[in-house]
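Enquirer: As given, the protein sequences belong to chains A and B, one line each in that order. The first sequence begins at -14 in our numbering and counts up one residue at a time. The second sequence begins at 260 in our numbering and counts up one residue at a time.
Keep in mind the hints are simulated off the structure, nothing from the lab. Each hint should be verified, as a subset may be incorrect.
[As the list claims (entries may be wrong)] Using 25 Å as the maximum straight-line C-alpha spacing, the simulated SDA-like pairs for lysine to any residue come out as follows:
hint : chain 1 : residue 1 : chain 2 : residue 2
1    : B       : 482       : A       : 116
2    : B       : 482       : A       : 110
3    : B       : 375       : B       : 315
4    : B       : 375       : B       : 323
5    : B       : 375       : A       : 282
6    : A       : 125       : B       : 526
7    : B       : 345       : A       : 283
8    : B       : 421       : B       : 341
9    : B       : 482       : B       : 409
10   : B       : 375       : B       : 314
11   : A       : 125       : B       : 478
12   : B       : 482       : A       : 284
13   : B       : 482       : A       : 97
14   : B       : 375       : A       : 275
15   : B       : 381       : B       : 468
16   : B       : 433       : B       : 417
17   : B       : 345       : A       : 293
18   : B       : 345       : B       : 444
19   : B       : 482       : A       : 118
20   : B       : 345       : A       : 185
[What the hints assert, rightly or not] Derived coverage of chain B by chain A (criterion: at least 3 residues anywhere in the stretch with Cβ under 8 Å from a Cβ of chain A; other residues may be distant):
hint : region
21   : 342 to 348
22   : 351 to 358
23   : 367 to 381
24   : 482 to 494
Here the structure is a predicted model, which means the values were calculated and not measured. All residues carry an ideal CB built from backbone N, CA and C; glycine is no exception.
What follows is each chain in one-letter form.
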Amino acid sequence: MQKNSLIFSTGVFLLGVYVAVPLAIATSERFDLYYTLTAVALLSIASAGVWLTFYIGRINIGQGAYSLVGGYVSALLVTQTNMSFWWTLPIAGAFCALLSVLIGLPILRLRGVYFAMVTLVLTEVARLCALALPITSGAKGITSIPLPSALKIFGITLIPDFSSLANPKLAFYFMAVTMMVVAYAVLWRIVHSRLGHLCRSLQQNEELASSIGVNTAWLRVLAYSISSFFGGIAGAGFIAISQSIYPSSFQSTDSVNFMLNCFLGGLGYVMGPMLGTLLLYFGWDLLFSTGRFQLLIYSTLMILLMLWLPNGVLSLMDRKGDRK
Amino acid sequence: MEQVIANGLYLGAQYALIALGLTLIFSLMNVLNFAHGQMYVLGGFVTYTVVAQFELPFVVGLAASAVVLAITGALVERFLFRPVIKNSHREESTMLLAAGIAFFLDAVILLVFGEKQRGVPKIIDGLFNWDFLIVMPYDRIVIGFLAIALIAIFILFMQHSKTGRAMRALAQDKIAARLMGVDVDRYSMIGFALGAMLAGVVGGLLVTITGINLGMGGPTSIKAFMMIMIGGAGVISGAIIGGFILGMMESVGLTVLASSGDITYLVIFATLMVFLAIRPQGLMGKPWG
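Could you put together the complete structure from these sequences and hints?
Expert: Below, the structure is given as structure tokens:
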């Protein structure tokens, strides 16, 4: 019964993002929404990574750093070595994962706000490195990155060349949504596996977990590197759309936003970060018409939401469960 | 070199005062106040308004900043942080609230004071010149000494007043403090107001020298976080040491590394990461404080 309803809701969700949304946009002719939704999909992948570090009981405000690194890796590979974007995507993710192992080994020993503050500093380090390193060409950034080319395996075209398409916006939308669906499927699988249970034990009591024989150090690094992998591919995907990258593409505000997405959606729910990203990003966009009051209304709503639902929007579902 | 040390001490005194407020709030409520930088900016704008627009003396402006920020802090604690801390499953949820307040203050400052860089005229003219070894404008010296005096008053207050003792007890052990009859809600509110007030006073002091603008809030928060990480979160001596160390590092870095471009902060950040890998709780902090 439980399984059926899960398959059903997954089906509805997939049908929604792949069929209903493009149809709705085509009929309403609001093609600008494609860009917004693509951005939401990609940002929600990075937020999913942050959520995973929350799952092991660490507050991660450094996801912007990995998104930036992932973006630069992809941009450099595409422009310097003419590699296909589709290959740079996993390479960017893997590079970030490796980097996060090196960084994570020392800093994951920190806890609570200490970890949070170090990761916040990490974002600044990434930005300053991008400014200072010779290969990233400093504040000028890397511009006019070509659109993703065709992906062929054994002569069969799996993904057509984006520059030859009549509507690359739609193609980008499908790319981002597919990445998001895969990322959340992976996340869901992790949470409902043995690894997920072990992560939960870390979240609750690290000493107890390690005394029972859980290899906490290894688990922490593993979860953090998966999280950074998500950050890396999200960054790379973003760069492909904007076709440019600057040291300011991802900064500490973005890192903070990734974290806020998780809080807003609810830390106890796999779909939390996705919903949070959608709400925050769309909320900001919708308020654009209010002009100079945009930030005021946005922040007021955020504070009110926090007062009303301190455990995230998805905690509404819990309340319903309690009443039954 | 003497000049570099003097600059470092001057910067450090300001930084220590900012870090004190942040660490006070953190130690009492376990809240990382993301809005601390914004409170600092707000304090600067209040002083600017009183001094430059109403043409009142600087001391009045400083007092106005202190009062306005103390009231803001008290209200924020009473009506925002307290209910959220009570209802939330995880205490980190206050971070979203703090970030929301940071955005909110940014928006209020933008609407009320505008986005222009503001400053007030120098409070004292003239230049202190000691054989060209140390050259420093008098107003900087005055502000530096004011900051040090405020730090001293703050320490005395925390050590010897009843309120200070209650707050130190709360920071050490909340449950034990409650059992001894300390009114947790009341002193949390006073502590938050005091922390916000310190941020406002620094803003008021610095508006005479560096001026103030809307964009300064976020970077100030990050700097304050770094200071309390160096010194150890939630420890008063740690905040002061952290502030002076960061001020000194900035002052030395900007001189020594000037030739190799804008990498002072990169070096500081990298040093900090290495330092925290060796000593995660900071210089003075308790383990997992």
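Enquirer: So, for every hint listed, does it hold in this structure?
Expert: Hints, verified against the model:
| no. | hint | result |
| --- | --- | --- |
| 1 | 482/B to 116/A | holds, 19 Å |
| 2 | 482/B to 110/A | holds, 13 Å |
| 3 | 375/B to 315/B | holds, 21 Å |
| 4 | 375/B to 323/B | holds, 21 Å |
| 5 | 375/B to 282/A | holds, 22 Å |
| 6 | 125/A to 526/B | holds, 22 Å |
| 7 | 345/B to 283/A | holds, 24 Å |
| 8 | 421/B to 341/B | holds, 23 Å |
| 9 | 482/B to 409/B | holds, 20 Å |
| 10 | 375/B to 314/B | holds, 19 Å |
| 11 | 125/A to 478/B | holds, 22 Å |
| 12 | 482/B to 284/A | holds, 23 Å |
| 13 | 482/B to 97/A | holds, 18 Å |
| 14 | 375/B to 275/A | holds, 21 Å |
| 15 | 381/B to 468/B | holds, 7 Å |
| 16 | 433/B to 417/B | holds, 17 Å |
| 17 | 345/B to 293/A | holds, 12 Å |
| 18 | 345/B to 444/B | holds, 11 Å |
| 19 | 482/B to 118/A | holds, 23 Å |
| 20 | 345/B to 185/A | holds, 23 Å |
| 21 | 342 to 348 | holds (count 5) |
| 22 | 351 to 358 | holds (count 6) |
| 23 | 367 to 381 | holds (count 3) |
| 24 | 482 to 494 | holds (count 5) |
Comparing the model with each earlier hint shows no violations; every hint is respected.
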